Amino acid sequence: MQSKDKKELLVIAICGLITGAIAIALVALGNPANMGFCIACFLRDTAGALKLHSAGVVQYIRPEIIGLVLGSFACAIITKEFAPKGGSAPLTRFILGFFVMIGCLAFLGCPFRMILRLAAGDLNALVALVGFVCGILTGIFFLKRGFSLGRSYKQPVTEGISFSVIQVILLILVIAAPAFIAFSESGPGSKHAAIIISLIAGLAVGCMAQRTRLCMVGATRDLVLFGEKKLFVGFVAIFIAALIGNIVTSRFTLGFEQIGKVAHSDHVWNFLGLYLAGFGCVLLGGCPLRQLILAGEGNADSAITVLGLVIGAAFSHNFGLAGAAASKAEDGTINPGGVSTNGRIAVIIGIVVVLIIAVLNTFVKKNAKKEA
Amino acid sequence: MDFIATFYSHFGAMRFKKEVEKNGASAVLKPVPRALSSSCGTCCAFTAPELPTPSHPDEVEQIVEITEDGSYKTVFSTLE
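Top to bottom, those sequences are chains A and B. Using my numbering, you'd call the opening residue of the first sequence number 4 and step up by one each time. Using my numbering, you'd call the opening residue of the second sequence number 68 and step up by one each time.
Just so you know, the hints here were simulated from the structure itself, not pulled from any lab data. Any given hint could be a false lead.
Within a straight-line C-alpha distance of at most 16 Å, the following computed EDC-like cross-link-like pairs (lysine to aspartate or glutamate) qualify [claimed, not checked]: (1) B:Lys-97 <-> A:Glu-231; (2) A:Lys-7 <-> B:Asp-136; (3) A:Lys-157 <-> B:Asp-136.
Only a predicted model underlies this, so the values are computations on that prediction, with no experimental measurement involved.
Based on the sequences and whatever the hints tell you, model everything.
In structure tokens, the structure reads:
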């Protein structure tokens, strides 16, 4: 291995370790269990705060999201990598983002939270990890056969900068807390670190993710397609740091039963939820975290994808599609939670829709080109 | 000469690789080096006596030549 590659690998490993440590610190400072970072949950909370859905327990403008985007934006500006671009099948990306969110919320977490849950001993996340990898492998099947959403094009600066401006507006709203913004008084939405801490954590991870291209989907994709381990090392480093942090802070509980930790043991739907997320994200070219980072760099297609994720979250909670966490009543009765019938149907529809998008943009497009 | 070509899609990279191999060059697909771009797509690293002309130039983002000191010199680009 060349010394340049070794140095890059070391940087990714260190950034992964710091990211994992920050995630654990955020939980210690007030975030919900195993939710130092969860892009799906945080976008869902932000959607709730803006009253795009009315689930009272998950409404809060998460400063971590704002920090991730602005951290990436600042880093891209400093390193002259800010490049406004877009125009690569925006509506298709919106739809993919929508269904990726449906899958994530059935499981109760994005791929990032899957790692954090795994590092806390939550074996439901192991089931989801298998589904996630299977989804990525399905996506790779189509990538190898010519899947493409078409090229992107250079865009005006306003197009590249708009998403970051929206984040600044959200930051003003969370600080000013006007009456028209909803803030949860109980449930996961009410649990959060101080705004300034969440913001700094987001900025730091956003910056590191921009420099290292950290991506939960890219890690598996690169390993399978090219035998390239760099991004996978970042994945593992986050896990190791979070695992150590959870053990040290006595937050490690090995098993499927994770009462009060925003999780359920509906195995089939944990598997299929992240199967859908993995499949959709490979077609999108990156996990939800990566989409935020790319949006910060000026990629309007990724910004549209994030909007798809947000609307997916709103639908999830407006129509009861999201998984319900296992809980214990005051009389000691355990409610196992799980995914509702509506949620199950939505996940199946999502898999079918993503499959249709994959087929149409692989085989049908290729045949059309041949005929032309 | 050693080159690295980056693309707008994985498919573009696969098609280009086949093309340069057909012309006798050795080529390999791999993730885009971080030093070259912040994008995490697929690139085609290849060795050829001279810069090939891509048959689908709209799929190619850029082609760089790897100089003796290991730096990149852009020799083809559809980026503005």
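Practice problem: Please flag the earlier hints that this structure goes against, numbers listed from lowest up. | Solution: 3
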